[in-house]
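A.B. asks: Here's the letter readout for the chains.
Protein chains: 4
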Amino acid sequence: MSDTDVGRLLVSCRDQPGLVAAISSFLHAHNATIVQSDQDTTDPEGGHFVMRLVFRLPGLEEALEELTAEFGEEVADRYDITFRLRIAAERTRVAVFVSKLDHCLLDLLWRQRRGELGVDIVQVVSNHPDLADEVARFGVPYAHIPITRDTKDIAEKQQIELLAGRVDLVVLARYMQILTGGFLDALGVPAINIHHSFLPAFVGAGPYAQAKERGVKLVGATAHYVTEDLDQGPIIEQDVARVSHRDTVADITRRGADVERSVLARAVAAHCADRVVITGRTTLVF
Amino acid sequence: MSDTDVGRLLVSCRDQPGLVAAISSFLHAHNATIVQSDQDTTDPEGGHFVMRLVFRLPGLEEALEELTAEFGEEVADRYDITFRLRIAAERTRVAVFVSKLDHCLLDLLWRQRRGELGVDIVQVVSNHPDLADEVARFGVPYAHIPITRDTKDIAEKQQIELLAGRVDLVVLARYMQILTGGFLDALGVPAINIHHSFLPAFVGAGPYAQAKERGVKLVGATAHYVTEDLDQGPIIEQDVARVSHRDTVADITRRGADVERSVLARAVAAHCADRVVITGRTTLVF
Amino acid sequence: MSDTDVGRLLVSCRDQPGLVAAISSFLHAHNATIVQSDQDTTDPEGGHFVMRLVFRLPGLEEALEELTAEFGEEVADRYDITFRLRIAAERTRVAVFVSKLDHCLLDLLWRQRRGELGVDIVQVVSNHPDLADEVARFGVPYAHIPITRDTKDIAEKQQIELLAGRVDLVVLARYMQILTGGFLDALGVPAINIHHSFLPAFVGAGPYAQAKERGVKLVGATAHYVTEDLDQGPIIEQDVARVSHRDTVADITRRGADVERSVLARAVAAHCADRVVITGRTTLVF
Amino acid sequence: MSDTDVGRLLVSCRDQPGLVAAISSFLHAHNATIVQSDQDTTDPEGGHFVMRLVFRLPGLEEALEELTAEFGEEVADRYDITFRLRIAAERTRVAVFVSKLDHCLLDLLWRQRRGELGVDIVQVVSNHPDLADEVARFGVPYAHIPITRDTKDIAEKQQIELLAGRVDLVVLARYMQILTGGFLDALGVPAINIHHSFLPAFVGAGPYAQAKERGVKLVGATAHYVTEDLDQGPIIEQDVARVSHRDTVADITRRGADVERSVLARAVAAHCADRVVITGRTTLVF
Numbered sequence: 001m002s003d004t005d006v007g008r009l010l011v012s013c014r015d016q017p018g019l020v021a022a023i024s025s026f027l028h029a030h031n032a033t034i035v036q037s038d039q040d041t042t043d044p045e046g047g048h049f050v051m052r053l054v055f056r057l058p059g060l061e062e063a064l065e066e067l068t069a070e071f072g073e074e075v076a077d078r079y080d081i082t083f084r085l086r087i088a089a090e091r092t093r094v095a096v097f098v099s100k101l102d103h104c105l106l107d108l109l110w111r112q113r114r115g116e117l118g119v120d121i122v123q124v125v126s127n128h129p130d131l132a133d134e135v136a137r138f139g140v141p142y143a144h145i146p147i148t149r150d151t152k153d154i155a156e157k158q159q160i161e162l163l164a165g166r167v168d169l170v171v172l173a174r175y176m177q178i179l180t181g182g183f184l185d186a187l188g189v190p191a192i193n194i195h196h197s198f199l200p201a202f203v204g205a206g207p208y209a210q211a212k213e214r215g216v217k218l219v220g221a222t223a224h225y226v227t228e229d230l231d232q233g234p235i236i237e238q239d240v241a242r243v244s245h246r247d248t249v250a251d252i253t254r255r256g257a258d259v260e261r262s263v264l265a266r267a268v269a270a271h272c273a274d275r276v277v278i279t280g281r282t283t284l285v286f
Numbered sequence: 001m002s003d004t005d006v007g008r009l010l011v012s013c014r015d016q017p018g019l020v021a022a023i024s025s026f027l028h029a030h031n032a033t034i035v036q037s038d039q040d041t042t043d044p045e046g047g048h049f050v051m052r053l054v055f056r057l058p059g060l061e062e063a064l065e066e067l068t069a070e071f072g073e074e075v076a077d078r079y080d081i082t083f084r085l086r087i088a089a090e091r092t093r094v095a096v097f098v099s100k101l102d103h104c105l106l107d108l109l110w111r112q113r114r115g116e117l118g119v120d121i122v123q124v125v126s127n128h129p130d131l132a133d134e135v136a137r138f139g140v141p142y143a144h145i146p147i148t149r150d151t152k153d154i155a156e157k158q159q160i161e162l163l164a165g166r167v168d169l170v171v172l173a174r175y176m177q178i179l180t181g182g183f184l185d186a187l188g189v190p191a192i193n194i195h196h197s198f199l200p201a202f203v204g205a206g207p208y209a210q211a212k213e214r215g216v217k218l219v220g221a222t223a224h225y226v227t228e229d230l231d232q233g234p235i236i237e238q239d240v241a242r243v244s245h246r247d248t249v250a251d252i253t254r255r256g257a258d259v260e261r262s263v264l265a266r267a268v269a270a271h272c273a274d275r276v277v278i279t280g281r282t283t284l285v286f
Numbered sequence: 001m002s003d004t005d006v007g008r009l010l011v012s013c014r015d016q017p018g019l020v021a022a023i024s025s026f027l028h029a030h031n032a033t034i035v036q037s038d039q040d041t042t043d044p045e046g047g048h049f050v051m052r053l054v055f056r057l058p059g060l061e062e063a064l065e066e067l068t069a070e071f072g073e074e075v076a077d078r079y080d081i082t083f084r085l086r087i088a089a090e091r092t093r094v095a096v097f098v099s100k101l102d103h104c105l106l107d108l109l110w111r112q113r114r115g116e117l118g119v120d121i122v123q124v125v126s127n128h129p130d131l132a133d134e135v136a137r138f139g140v141p142y143a144h145i146p147i148t149r150d151t152k153d154i155a156e157k158q159q160i161e162l163l164a165g166r167v168d169l170v171v172l173a174r175y176m177q178i179l180t181g182g183f184l185d186a187l188g189v190p191a192i193n194i195h196h197s198f199l200p201a202f203v204g205a206g207p208y209a210q211a212k213e214r215g216v217k218l219v220g221a222t223a224h225y226v227t228e229d230l231d232q233g234p235i236i237e238q239d240v241a242r243v244s245h246r247d248t249v250a251d252i253t254r255r256g257a258d259v260e261r262s263v264l265a266r267a268v269a270a271h272c273a274d275r276v277v278i279t280g281r282t283t284l285v286f
Numbered sequence: 001m002s003d004t005d006v007g008r009l010l011v012s013c014r015d016q017p018g019l020v021a022a023i024s025s026f027l028h029a030h031n032a033t034i035v036q037s038d039q040d041t042t043d044p045e046g047g048h049f050v051m052r053l054v055f056r057l058p059g060l061e062e063a064l065e066e067l068t069a070e071f072g073e074e075v076a077d078r079y080d081i082t083f084r085l086r087i088a089a090e091r092t093r094v095a096v097f098v099s100k101l102d103h104c105l106l107d108l109l110w111r112q113r114r115g116e117l118g119v120d121i122v123q124v125v126s127n128h129p130d131l132a133d134e135v136a137r138f139g140v141p142y143a144h145i146p147i148t149r150d151t152k153d154i155a156e157k158q159q160i161e162l163l164a165g166r167v168d169l170v171v172l173a174r175y176m177q178i179l180t181g182g183f184l185d186a187l188g189v190p191a192i193n194i195h196h197s198f199l200p201a202f203v204g205a206g207p208y209a210q211a212k213e214r215g216v217k218l219v220g221a222t223a224h225y226v227t228e229d230l231d232q233g234p235i236i237e238q239d240v241a242r243v244s245h246r247d248t249v250a251d252i253t254r255r256g257a258d259v260e261r262s263v264l265a266r267a268v269a270a271h272c273a274d275r276v277v278i279t280g281r282t283t284l285v286f
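Protein chains in written order, with the UniProt record's numbering: chain Z, 1 to 286; chain E, 1 to 286; chain X, 1 to 286; chain W, 1 to 286.
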């Protein structure tokens with residue numbers, strides 16, 4: 001079996017009877033064998049239906065376009081389904097936005113090089129020049145686009161021009177600028193942010209200093225989709241680490257950084273494996 | 001929707017094309033709406049197919065017998081499927097075996113009373129009289145069946161007579177006796193044991209003392225199905241807790257007890273929700 | 001060595017040179033051998049000094065009063081130290097306040113019976129009669145003191161009369177009433193509360209429903225000292241459990257309950273072992 | 001206060017009365033103010049006494065030699081104490097041994113660059129050339145010393161010559177060669193290894209494949225001091241990560257790699273902060 005014979009189908013629609021049968025029968029009729037599937041309904045009455053399938057189909061690569069068209073006509077149109085059908089081995093093209101802190105960015109670059117995340121990092125964008133050398137070593141282009149209050153509009157336009165049609169996902173790896181709604185619309189692909197706290201605790205700036213001041217015993221990090229409302233987007237992944245009174249704000253920041261990079265990597269991997277579905281303000285993660 | 005309208009189907013067989021379609025089409029044809037499903041294949045080539053479905057079907061309670069028969073004829077026979085089809089709200093009848101330590105037993109009794117585990121504890125069996133009063137308070141019969149080396153055969157016969165036809169599961173909640181292969185055969189239902197270590201570390205007696213002696217930084221507990229090979233049965237659930245050099249063997253034992261009771265409760269809940277499938281020496285847990 | 005030969009000294013004062021030497025030399029001069037000690041300073045310059053010592057001294061029980069007086073005169077007065085000196089095996093007298101949910105209360109009663117927490121639960125107080133039978137089985141008096149908006153004053157007076165001089169600590173084990181500042185003053189001993197969220201996330205009512213609505217991936221619990229500001233007291237212990245989109249609010253509540261009982265038990269044990277020192281809004285936990 | 005004014009004293013000896021007083025009085029008499037101390041006794045009767053102190057002393061750098069000599073004469077000789085007294089900011093000189101896997105090595109190099117571990121990595125040694133470029137980017141010398149069964153003796157001699165007098169610690173960051181007792185003796189400094197399992201489970205080769213085969217639900221990593229007995233040295237740190245039946249051996253290996261790098265980093269940081277004391281087969285970690 002070739003790697004390109006394995007496909008992945010992610011389906012989302014209003015819940016209706018017969019959906020699993022219709023989807024799986026379609027695949028069977030087209031000689032695909034399902035090897036893994038997860039399906040859920042947000043509410044047994046009037047809820048939202050979500051299904052993720054992994055299947056193998058000899059010759060999938062050649063058949064993909066036709067299969068997609070036929071699934072659209074025979075199944076998706078009938079049930080008003082939103083779907084994504086692709087070769088499982090296909091890599092997601094990612095742009096990483098970063099400011100000066102390197103831990104999340106480097107972890108993503110390392111993991112990409114090890115083949116862990118299912119991504120191709122095709123561009124790094126930063127409002128600072130600091131990490132250019134580091135990124136160059138991985139052979140990834142680094143665009144330094146400075147931002148001041150006055151140049152935000154222009155900078156966002158530059159970013160959009162740079163990325164247009166080249167990326168499937170933007171990852172904010174400790175990028176210390178707020179993306180405007182206009183930017184997100186123009187971008188047209190999802191963006192994932194890592195927030196350095198266990199949201200909704202410590203919304204806003206300086207969460208580790210807030211955590212020290214409040215005397216919490218755990219600090220956390222939250223990866224979420226970016227929406228116009230800062231720190232309010234649908235959460236993909238969270239985790240925490242234990243801290244004690246002996247830890248200074250610097251210690252807490254270091255421990256937090258370890259959590260941030262692993263939470264962000266898990267969120268990116270889940271997104272790129274088509275494991276995440278947004279439903280309203282929240283997500284389903286298979 | 002009545003509680004008794006929700007059903008659960010657990011399917012296991014050699015992997016073949018068309019299984020998801022056949023199963024889901026059968027349910028759809030019988031007016032059942034699938035609300036949750038998980039499916040996996042242990043190996044994409046020549047592996048084992050496992051699927052768990054939750055569905056609702058108005059009037060399921062009355063229709064269950066016929067539905068079961070028809071699923072057998074129309075699907076299971078054709079694909080050589082082993083399956084279990086039942087009303088999701090149906091409670092598993094459980095006998096708990098215990099010696100003198102109360103923490104796992106009490107936790108199960110509390111959780112049953114709170115309606116957490118999907119079980120009816122119909123009998124407690126012990127080789128000691130110590131916990132009789134405690135169990136009586138929960139309104140559960142307590143059978144004191146002493147065991148010596150010479151009376152093991154007789155005791156096991158008594159146990160089998162006591163439980164025959166009355167239980168779907170036996171839980172060993174720190175029961176300090178080894179069950180013989182003959183007993184397990186005669187019992188005819190699965191048995192789950194809690195071992196007080198992170199298996200396969202510290203197989204055998206006194207694992208917490210062994211852990212102290214070896215200076216480990218984490219101690220754990222393992223819930224597994226009971227087989228004739230002591231501590232070698234398929235693992236259902238495991239967890240660990242952090243210990244330090246300041247902890248005495250008594251401290252470690254206490255921390256371990258907390259892990260034991262929660263691991264055992266999770267394993268029992270998973271089993272009773274038809275989430276566990278044994279495949280060879282291991283399990284799939286959905 | 002008798003159990004009553006082991007003492008514990010908790011010291012707190014403004015940081016000054018020579019404190020460790022003065023304290024340890026005093027103990028040595030009085031024939032005490034230090035077996036464990038932890039010491040910390042909140043800030044190397046102008047900070048707060050905290051030290052906890054465990055020592056053995058043959059005949060401590062008889063010598064305790066004199067030793068305390070001499071430590072006061074020879075050390076504490078000189079350095080303006082606040083201290084607590086007592087026999088390590090001495091049990092803390094506790095009143096547990098509860099409403100209708102039993103999981104935290106039962107866990108405390110059960111751990112007390114096992115001798116785990118270093119406490120004597122001398123009284124349970126509830127604004128509901130529901131848990132009276134359960135508590136009676138542990139041989140602990142149960143006072144049902146109903147509270148309405150109009151009777152809160154009278155009820156608090158009754159509670160104070162009931163407890164005056166009888167307890168060293170009050171534990172709120174899911175007690176659904178707010179304690180007034182007047183009550184806390186009159187009580188004169190610390191109170192520990194378990195809040196069913198990872199504070200400061202989800203302050204206030206219905207935190208598990210809030211957690212579901214926000215789509216968080218972890219839920220937590222926080223044990224803290226009670227102050228007049230609801231949910232703002234110094235935090236003693238916190239922990240979290242993982243939840244997923246498949247968990248209903250009821251599922252999350254159950255998982256949360258497990259975290260609540262273990263976090264509360266750990267906080268009570270730490271307090272009763274003289275491991276917790278309040279410094280401003282936060283705590284040091286040795 | 002200058003950074004070089006903070007000192008650290010680690011003391012270890014047979015337990016005797018008056019040790020804390022003698023040590024702290026010595027420091028006080030020499031104008032040192034203790035800012036943090038931890039002390040423990042492995043057994044209240046006939047045990048081993050261990051104490052770690054952090055203190056500040058203006059002008060410590062100049063006074064260190066004399067202070068060390070005087071502590072030796074006035075305290076250590078009298079109580080037969082083994083001690084280490086040094087400036088807290090002093091960095092431990094480390095050689096990292098590695099084969100082909102880069103995750104532990106890169107994490108150490110990166111943490112060193114961030115100033116996290118209290119180390120100077122002065123040399124990387126490998127039996128393979130693969131990671132030379134990567135290491136060069138961090139400005140650390142890379143010695144490629146190939147090893148075959150026949151050249152092991154010569155290779156170990158080369159390694160010893162390379163490192164003699166230059167390092168305080170050797171870290172085996174997934175180094176796939178066994179160090180001989182002769183090498184360890186000649187080395188004369190401690191060595192820390194990361195074993196890719198939760199020891200003592202899965203001793204030996206291929207632990208992740210063993211873990212998959214046994215169906216465990218958690219995989220772990222163990223950092224321990226290297227002794228002649230493979231995988232039997234005193235454990236410094238351990239941790240685990242959850243895996244499921246869906247994880248392949250490759251998935252488990254990846255999750256394990258994340259645990260390995262964080263466990264190794266924590267162990268190295270603890271060692272270099274003088275937080276670890278070996279007592280027989282085990283360690284105390286403050």
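Errors might be hidden in some of the hints.
As the list claims (entries may be wrong) - Pair by pair, the computed Cβ-Cβ distance ranges are:
#, chain 1, residue 1, chain 2, residue 2, range
1, E, Asp43, Z, Asp43, 31 to 37 Å
2, W, Gly204, Z, Pro44, 45 to 51 Å
3, W, Glu62, Z, Thr151, 49 to 55 Å
4, E, Asp43, X, Arg214, 37 to 43 Å
5, Z, Asp251, X, Glu74, 45 to 51 Å
6, W, Gly181, X, Glu74, 51 to 57 Å
7, Z, Asp120, W, Ala132, 22 to 28 Å
8, E, Glu74, Z, Gly139, 54 to 60 Å
9, E, Glu228, Z, Gly139, 42 to 48 Å
10, X, Glu74, W, Asn31, 45 to 51 Å
11, E, Arg149, X, Arg214, 36 to 42 Å
12, E, Glu74, Z, Asp120, 53 to 59 Å
As the list claims (entries may be wrong) - Straight-line alpha carbon distances no greater than 20 Å define the calculated EDC-like cross-link-like pairs of lysine to aspartate or glutamate that follow:
#, chain 1, residue 1, chain 2, residue 2
13, X, Lys100, X, Glu134
14, E, Lys157, E, Asp185
15, W, Lys100, Z, Glu156
16, Z, Lys100, Z, Asp38
17, Z, Lys100, W, Glu116
18, E, Lys100, X, Glu116
19, X, Lys100, E, Glu116
20, E, Lys100, E, Glu70
21, E, Lys152, E, Glu116
Just so you know, the hints here were simulated from the structure itself, not pulled from any lab data. Remember, it's a predicted structure, so these values are computed and weren't measured experimentally. Beta carbons: idealized from backbone N, C-alpha and C, even for Gly.
A.B. asks: Hint by hint, which ones does the structure fall short of?
C.D. replies: 5, 9, 10, 11, 12, 15, 16, 20, 21
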